[in-house]
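Please construct the entire structure, taking both the sequences and the accompanying hints into account.
The sequence shown begins at 1 in the numbering used here and counts up one residue at a time.
It should be emphasised that the hints constitute simulated quantities derived from the structure, not laboratory data. Treat each hint with caution, since some may be false.
[What the hints assert, rightly or not] In silico lysine-lysine, BS3-like type, Cα no more than 25 Å apart, as pairs:
#, residue 1, residue 2
1, 79, 36
2, 79, 33
3, 50, 36
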Amino acid sequence: GKGKEVFAANCVVCHNADNNVKKTGPGLKGLYKRDKLNSGAKVTDAAVMKLINEGVETMPAYSDILSEEERRHVLAYLKTL
Numbered sequence: 001g002k003g004k005e006v007f008a009a010n011c012v013v014c015h016n017a018d019n020n021v022k023k024t025g026p027g028l029k030g031l032y033k034r035d036k037l038n039s040g041a042k043v044t045d046a047a048v049m050k051l052i053n054e055g056v057e058t059m060p061a062y063s064d065i066l067s068e069e070e071r072r073h074v075l076a077y078l079k080t081l
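This is the structure in structure tokens:
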């Protein structure tokens, strides 16, 4: 789907989708099954979207890079991992 395409084009450089092994950023398999994000925040749509929008450490803010629709597709895709 669209989210997988956007992830492949923008996120896979730094994030694994099929395992939890860290690349530049953490592996994202099972993200929505986790208790917490690395920041300690609960895994919620709002918390994950905040990370996508604002970035963190070496991750850029994707609010300037991806459209709102693309970011929503990525969020939906992350739930399937």
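Each hint tested on the structure:
1. 79 x 36: Given that 25 Å is the threshold and the Cα spacing comes to 14 Å, the pair holds.
2. 79 x 33: Status holds; Cα separation ~9 Å.
3. 50 x 36: holds (14 Å)
Hint check: no violations occur; every hint is consistent with the structure.
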